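Residue numbers (the numbering used here), protein chains in the order written: chain A, 1 to 406; chain B, 1 to 504; chain C, 1 to 154.
Fair warning: there could be bad hints in the mix.
[Stated by the list, open to error] Residues of chain A clear of chain B, computed beta-carbon distances all greater than 12 Å: (1) 29; (2) 179; (3) 188; (4) 190.
[What the hints assert, rightly or not] Now the stretches of chain A that chain B is said to cover, found in silico as 3 or more residues with beta-carbon under 8 Å: (5) 135 to 141; (6) 151 to 159; (7) 193 to 201; (8) 242 to 249; (9) 280 to 294.
Derived from the structure by calculation, the hints contain no laboratory data. Fair warning: this is a prediction, and the values are worked out from it, not measured in the lab. From the three backbone atoms N, C-alpha and C, an ideal C-beta is built for every residue, glycine too.
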Amino acid sequence: MKLRLAFGVLAAAALASPVAAQSGADFYKGKTVTYIVATAAGGGYDAYGRLVADHMQKHLPGSTFVVRNMPGAGHIIGANAIYNARPDGLTIGTFNTGLIYNQLVGREGIKFDLTRMSWIGKAAADPRVFVIHSSSPIKSFEDLRQGKQTVNFATSGVGSASYVETKILADALGLPIKIIAGYSGQEDMMAMRRNEITGIIGSRSSFEDFVKNGYARFIAQIGGSEKDVPQLASLVTDPEGKALVALIQSQGEIARLTAGPPGIPADRLQALRAAYRKAMDDRELQARAEKMGRPVEPAVGEEVEKMVKEALNQTPKTVALLAAALEVKPQTAKASGPLLDVQDKGRAIVFNGPDGKQVKSEPSGSRTKITIAGKEAKRGDLKAGMSCEIEYKPGGDNEPTTIACK
Amino acid sequence: MLETMFGTLYTLLSTPAYMGLMLVAVLIGIWVGLTPGIGGKLSIALAIPFIYGWQAIPGAIFLLTMHAVNGTSGQISSIMFGVPGDGDDAATVLDGYPMAKRGEAGRALGASMTASGVGGIIGAIVFALMIPVLEPVVLAFSPAEFFLLALLGITFIAFLAGGGGMLKGIVVGLFGMMLATVGMDPQTGTARFAGEQIFLWDGISLVTAVLAIFAVPEMIALGVQGGSISAVPMQTAKVSYRQLLGGVLEVPRHWWLVIRTSVIGAVIGMIPGLGGSAAAWFCYGHAVQTSRTPERFGKGAVEGVIAPETASNAKEGGSLLPTLFFGIPGSSGMAILLGAFLILGIQPGPTLISDNLNLVWMLIWALVVGNVMAVAILLVFARWAAILTFVRGEFLIPFVLTMCVFGSFVNEAQWQNLVVLALLSAIGYGLLSADWPRAPFAIGLVLGGIAEESLHKALALWGPGFFLRPLSLVLIGLIALTIGWAIYSGVRRRRAGQLESLST
Amino acid sequence: MLVNRRVAFTLVMLAILVAMVGMAARYPPDARFMPWVLGIPAIALCLLQLGRDLRAARRAAGEAQGERRTVRREAAMWAYFLGLVGGILFFGFFLAVPVFLLVFLRQWARASWPLALGLVAATSVIYYLVFVQGLNVALHQGFVTQYVLERFAE
């Protein structure tokens, strides 16, 4: 039933679009469209971006597409610019889908809402893979999961998409992984060859050659259509883990996207989508992409919008996991219960946190507001066994903001 | 092997199409490199759309030549106006600009260009020689060694500060390193010194910092002081091809330094992850350290021009190695080149040696020949360009200042960058007029980032015992030696009765 | 004059270092490690330097005279530079750069009208060709100019 409904909607949309697209396409005659790429010139996003811009221009007669690079802050600057541009259909662009994670936890600096952007299309699928050094005894995902020793995994800087994915997978699936963060670009491959690290969770396209040259092997994959590596989804049984894998998979499906600010007039949006579709079908584009080693796996318009909305619809537990991974502490944590231990005249205290685990916290002599039985007190007055409500900032020294004891 | 070597050279030189391409590439590269801030990376990225469909060899030659050359022309503005083209050129400014102020711009230019050319050639030679031993050498350098190398470079600050200025030099160096921590910390995801200003999350742009600390203050000082850049009038300075030639001949005179700095530069280029600007600064520091009269540096010592220029060109040849053979770019410029190579159908990887040795040698020769071409063209051009240093300052200053502003903006096209430029310029001017050394700042900024990142990684990987690795111990030894030498020669100089050093 | 130029600058450096070390105190331990390892010794050395400068200032008390004329010229140069940057920020490259060049050439360099206009025109054309057409850089339009243009566009 749903299928027929969907089909009907699609058919209606398909019928409607040529008409709408026509008036929209007329708008673009003689106009310049700015295509913003959220990275510096020369990377993958830049390559795809210029390819798409070139061919969209071809299929939107009379238009001129100009590519503008706006790198910075891990694609956030570019994404902000695209979202806040004037919604006249003359500004669109591309950025890393990984920004989904940032939005899910409400990271600072973000001035966009991915659910409201005008989605034009996506150009590729980027399945994630678990890459293991060829000299390691780990030959399959089970080996990794059951392994007794902690294994070093390399990721980009803390807060980046690669770090987030590695961390939440390691935490949720209980993998014995120690994350070494801060490897940018392809330093992680060098590190693997130097035997510093054993594994990486990254995009398959980046590691294809590396594996082909025999330096490493794939032991699991998330998404993608290749059959030579087992899907992680089939190797995971608990629902929380499965949900996370699904999130990462959906994120991987929407790679090399093109989007515009919310509120682009419907006919112009249609025209852009139509041009995008034609660009993707263009044999020349496909050939050029193949030549670059960057094949295309496109999806257009509403399909992409649906994928994005799905990806952004996550359970609170997942959001909490993500927040922990991104080390974003948007709210303070509250704990109440007895002080299990008080050390060094109150400079350190131990109590049970909200999740039941013990928390060691360092009250500040000046910043922490301490009250005992309603009266102002100093940390030296705290004693083990006192029953207190503690509000603290998780992370680092877990400094409490207030301690109110009975 | 030998016949491939010379066979390819012959093919290169005798195919007019190739030579023509290289000439065009050289000209474009020079043109792009002239203006500060406009990196060669931008030019390559823009050239990429044009090379679709070209054959592998001509395309690679074209791009590589263009890339190798735009490092060379940045010296012109560095020497003549004290305006560095990017991070490495700042090292050239330190001694090149004082030479211009003495009326010796022609000599400086002659020396620097020849040094560049020779450095590029030696870099290509090192590249060729290292092909067989590439893997073990590159793989020997881990974060532990990166950290110690950065530390070694930083101890050179002790030398550059020299004598009684050591205190100020170290403070400035530490300040430079602190500025390197501005931005998103990869270890904790904290935005340091940046907060909500997401534009600072990637740190302070090196080009902006270098323009602000070196170029702008000099221009303002020039305006205040009046006159032209060269304190010596043109007639006395005898600007001519002879002066230029004098500079050119300085390079063979210092041949041992040239060889050392080229090799060091090439090796630094070979190791991905160490960073491009490090080469020029490292070798500048090395030149100071190994000179018998280090106090000449910063005032117009020709070695101070030769060393960084050889190094920064040699590193290009070096960085080609990991790019071609590992598919791992040795520098950010190489990263773009790598993308272009893929488009051309060149598959980087160990198979390149066995399958396509022809191409590899063509590239090596292209580097050599391209460098020679660039130097020849620039030398002719330089004799006339040097005249600008005798022009009245008031006419030059506004154009140079606007060049600085453009350069900073083109590098990072956010308006906030201009605010940073203005603020840092104020500090730079303060440094200049209060007689504080500025070179340590640049070294601190360049090496500070690498030092911290590598330290954290090394600690995460091996814990505090990380420096017990053999190569690390060697580097620690070098650092101890450097510090010891600095203290020793400082004490020796003070004892020799130079009381000036005490009263800064 | 106890507080001469050198002392003033050392104080400025000290202030900056203290500010940065202070800001770093709020960061988690791993993040503030490096800034503190660098900043705290820097503050110590800076204080030492301040001591030296103060002693030197006491000795060289008579030198304040010649500085006055230089100060005025310095202020003028800085006014031009900051004017350029400010002009670009508010009015954009296209307006600020030619205006700056023209004003500077006329006022400071005392160039004649034809020479000044000629140089400015030539440079503007070159800059336009190189940056806008050649490199495709989006030159900042300036807040005020942008605002005005947008009002017109509606």
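Problem - Whether chain B covers the stretch 151 to 159 of chain A (at least 3 residues having a Cβ closer than 8 Å to its Cβ atoms) - result: holds (count 5)
Practice task
Confirm or reject the coverage of the stretch 193 to 201 of chain A by chain B under the rule of 3 or more residues with a beta carbon closer than 8 Å to the chain's beta carbons.
Solution key: n = 4 at 8 Å, threshold three: holds.
Practice task
Could you let me know if the closest chain B CB is still more than 12 Å away from the CB of residue 179/A?
Solution key: Incorrect as stated: the minimum Cβ-Cβ distance to chain B is 9 Å, not above 12 Å.
Practice task
Grab the minimum beta-carbon distance between residue 190/A and chain B and tell me whether it stays above 12 Å.
Solution key: violated (6 Å)
Exercise for the section: Hey, is residue 29/A genuinely clear of chain B, shortest beta carbon separation above 12 Å? Expected result: holds (23 Å)
Practice task
Closer than 8 Å, Cβ to Cβ, for at least three residues: run that test on the stretch 242 to 249 of chain A against chain B and report holds or violated.
Solution key: Our answer is that it is violated, as 0 residues pass the Cβ test (under 8 Å) against chain B, missing three.
Exercise for the section: Please count how many residues of the stretch 280 to 294 of chain A have a CB within 8 Å of a CB from chain B and say whether that reaches 3. Expected result: holds (count 4)
Handout entry: residue 188/A and chain B, when compared Cβ to Cβ, separated by more than 12 Å
Key = violated (10 Å)
Exercise for the section: Examine the stretch 135 to 141 of chain A: at least three residues should have C-beta closer than 8 Å to a C-beta of chain B. Expected result: Coverage by chain B is violated for the stretch 135 to 141 of chain A (0 residues, Cβ < 8 Å).
Violated hints, listed in ascending order, are 2, 3, 4, 5, 8; each of the other numbered hints is respected by the structure.
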